[in-house]
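Numbering of the sequence shown is given in the working numbering, commencing with residue 88 and proceeding in unit increments.
Be aware that a few hints might be false.
[Said to hold, decoys possible] The calculated label-pair distances, taken between Cβ atoms and stated as ranges, are:
1. GLU499 with GLU433: 37 to 47 Å
2. GLU356 with ASP671: 26 to 36 Å
3. LEU222 with PRO380: 28 to 38 Å
4. LYS151 with GLU522: 32 to 42 Å
5. GLY137 with ASP566: 29 to 39 Å
[As the list claims (entries may be wrong)] Quick list of in silico lysine to aspartate or glutamate cross-link-like pairs, EDC-like style, CA-CA up to 16 Å:
6. LYS690 with GLU705
7. LYS783 with GLU177
8. LYS206 with GLU177
9. LYS494 with GLU477
10. LYS122 with ASP517
11. LYS416 with GLU614
No lab work stands behind these hints, which were simulated from the structure alone. Every residue, glycine too, gets a C-beta built ideally from N, C-alpha and C.
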Amino acid sequence: MKEHRLINSWTLGALLVAAGSLSSLATAQDQTEPKRPDTPKCDQKDDYFGTTVADPYRWMEVEKTPEIQKWIEEENALTQSVLEKIPFREELRKEMTDCYDYAREGAPSKHGDRYFYSKNSGLQNQSTLYYRTSLDGEETLLLDPNTLSDDGTVALSDYAISKDGRYAAFATSTSGSDWRDIFIVDIEKNERLEDALQWAKFTNISWYGDGFFYSRYDAPKQGEELTAKNENQKIYYHRVGDPQDKDVLVFCDPEHPSRNCTAAVDDDEKWLFVYQNESTYGARVLFAELEGPDKIGDVSLKTFYPTFDSETGIVAVKDGVFYALTDYKASNRRLVKVDPAAPAPENWIDVLPESDALLETVYAVGDRLVAKRLRDASSECVFYSYDGDELGTLKLPGIGVAGIVGKKDNPEFFYTFTSYVYPTTIYRYDLTTNESSLWRAPKTNFNPEDYVTEREWYVSKDGTKAPIFITYKKGMKKDGSNSTLLYGYGGFNINMTPSFKPTRIPYLNRGGIYAVAILRGGGEYGEEWHKAGTKLQKQNVFDDFISAAEYLIKEGYASKETLAINGGSNGGLLVGAALTQRPDLFAAAVPQVGVLDMLRYHKFTIGWAWATDYGTSEESEEMFRYLLAYSPLHNVKKGVKYPATMVMTSDHDDRVVPAHSMKFGATLQELADPSSVIIVRIESKAGHGAGKPTSKIINEAADIFSFILYYTQK
88 MKEHRLINSW TLGALLVAAG SLSSLATAQD QTEPKRPDTP KCDQKDDYFG TTVADPYRWM
148 EVEKTPEIQK WIEEENALTQ SVLEKIPFRE ELRKEMTDCY DYAREGAPSK HGDRYFYSKN
208 SGLQNQSTLY YRTSLDGEET LLLDPNTLSD DGTVALSDYA ISKDGRYAAF ATSTSGSDWR
268 DIFIVDIEKN ERLEDALQWA KFTNISWYGD GFFYSRYDAP KQGEELTAKN ENQKIYYHRV
328 GDPQDKDVLV FCDPEHPSRN CTAAVDDDEK WLFVYQNEST YGARVLFAEL EGPDKIGDVS
388 LKTFYPTFDS ETGIVAVKDG VFYALTDYKA SNRRLVKVDP AAPAPENWID VLPESDALLE
448 TVYAVGDRLV AKRLRDASSE CVFYSYDGDE LGTLKLPGIG VAGIVGKKDN PEFFYTFTSY
508 VYPTTIYRYD LTTNESSLWR APKTNFNPED YVTEREWYVS KDGTKAPIFI TYKKGMKKDG
568 SNSTLLYGYG GFNINMTPSF KPTRIPYLNR GGIYAVAILR GGGEYGEEWH KAGTKLQKQN
628 VFDDFISAAE YLIKEGYASK ETLAINGGSN GGLLVGAALT QRPDLFAAAV PQVGVLDMLR
688 YHKFTIGWAW ATDYGTSEES EEMFRYLLAY SPLHNVKKGV KYPATMVMTS DHDDRVVPAH
748 SMKFGATLQE LADPSSVIIV RIESKAGHGA GKPTSKIINE AADIFSFILY YTQK
């Protein structure tokens, strides 16, 4: 069975506007800076527990109005005029293009008699999908997403192959939106079928027989596709060849419209599991024994885990027994086996008890299990029997992250390894001989041995100790003169682990230092670590990040004049909070697609699902005042000299709607000391980040790193 992942609701909300009367406001200008847009304001005010809060840029919350389009055009013109003054910007873009231009593949996955894998020749906007009938056989092109649009903005967001390997179901997204269109290809005939499914979102595709389960919403109102609140998700079963209106409704919960639901089927197609969640953490789990595609409409679901107070998912079914990964009564997670006849938690039996390292996931491969633990944000992999007996260790090349692709009862699997300076490399493991061999290693035009990554430790404001990964080119001197980029996230139980991006290499080659701080709110040290950065403890995350920045300065990696910060989504909130709380500490800041209006984030698309991490401004006066105290939008101070800031968003972002970034950018431009460099970059035909074509990735990275380098030079 595939690794279980609950749908991560990092799709943030879009806004619906209550318009007030507009009045033009000219912002103060730095005489050397091109003219900022004359940004209209409205007289919108809201009452929260007797406190009046002005929202003068509320009008920016409405989709695609002429006023919004005009402001975006003027703001982008300003941004480009600032970026065009950076003398090395085009040279940096060329260097990034050269570093990106290398062939790479994904790990093969076997279905039926075929091995399926992705492939990119280097600069293709979207990776293509191939298959082979044997590992050394001739490859056949199955799908090239680059043919689905002229500019690479239609992306393959997911695909699933039927158990017998005959059919492939593809989910595509357009311009980065979270909405998915699903179509089917008959692999035997090399033919796209007429099946066309719409309005799928936050879904997987799980095959059963000659059809599959998927999740969708009712069609939104025209004009509100990117902003309307996502509610009443349903699970359907689609049979190959049927029109969508004949799909069988399998599960819905109309009494709880703000709950999401996804379906998964075990490898043997005997059991259906339904995961229902009402936020980004915690799942209610249901299950049913499958009796044939013709009886899908009569499925009777039973309760496996009844509430939303823990994260639980099935990783394998063997001999009629469920093997589940859970943090129920185990902050670092444990693996348990469950008799479906007595599934209540009090009957669970430990297979792998909780340990001192996070049990990140468990894979079922061949006749055994592979436990992937996360120790200080780096992977460790150990083999076990289904009884929990240790059977050896999967040795990895060093500090980094592993991923495994394999199936139960298949005597081989593939695993990947990557780190900050180690491009994703694929290995094949033969379970019959217990031998590992290199399968694919990318040939890059740079030498990973020229760079080094250190795992150091910093101490936060309250004494909490956490790791920080620091990457640079060998020979760097710690004299505080190096341009340094500090990245962070700190939320939603998401682990910040080593990853490789070729666009960082030119920055390192120019003497830059790339640092990633592990912060509370993530999941690197289990659920207690996550909770320590949520709701009324969210300030811990910002304190951690600020302490990591102070560590870099103290240890000579950077200085206040050379330190920049960057983060996206919840990390955009992090950067927004850090730059408004400590504007003196940083030379530059780049918040990307950030949650920046903490009083209204829950009003749009899937924003309601983040309440377990953030709380909402409506749930209590205490929570409102806590959010107001750190909400970046509401903590910009008049006359303060802020770091050079480039706020970034995209016009099709239906997770964190663009209004967050546009309102924040407009407020900074209005109130900041006139000498502060404040620009807003709004990408067209792009969303929250997933599926972005290579050309946009390179252009975006060139703008980010050239902006950071320019404003962090001593």
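In rising order, the numbers of the hints this structure does not comply with | 2, 4, 5, 8, 9, 10
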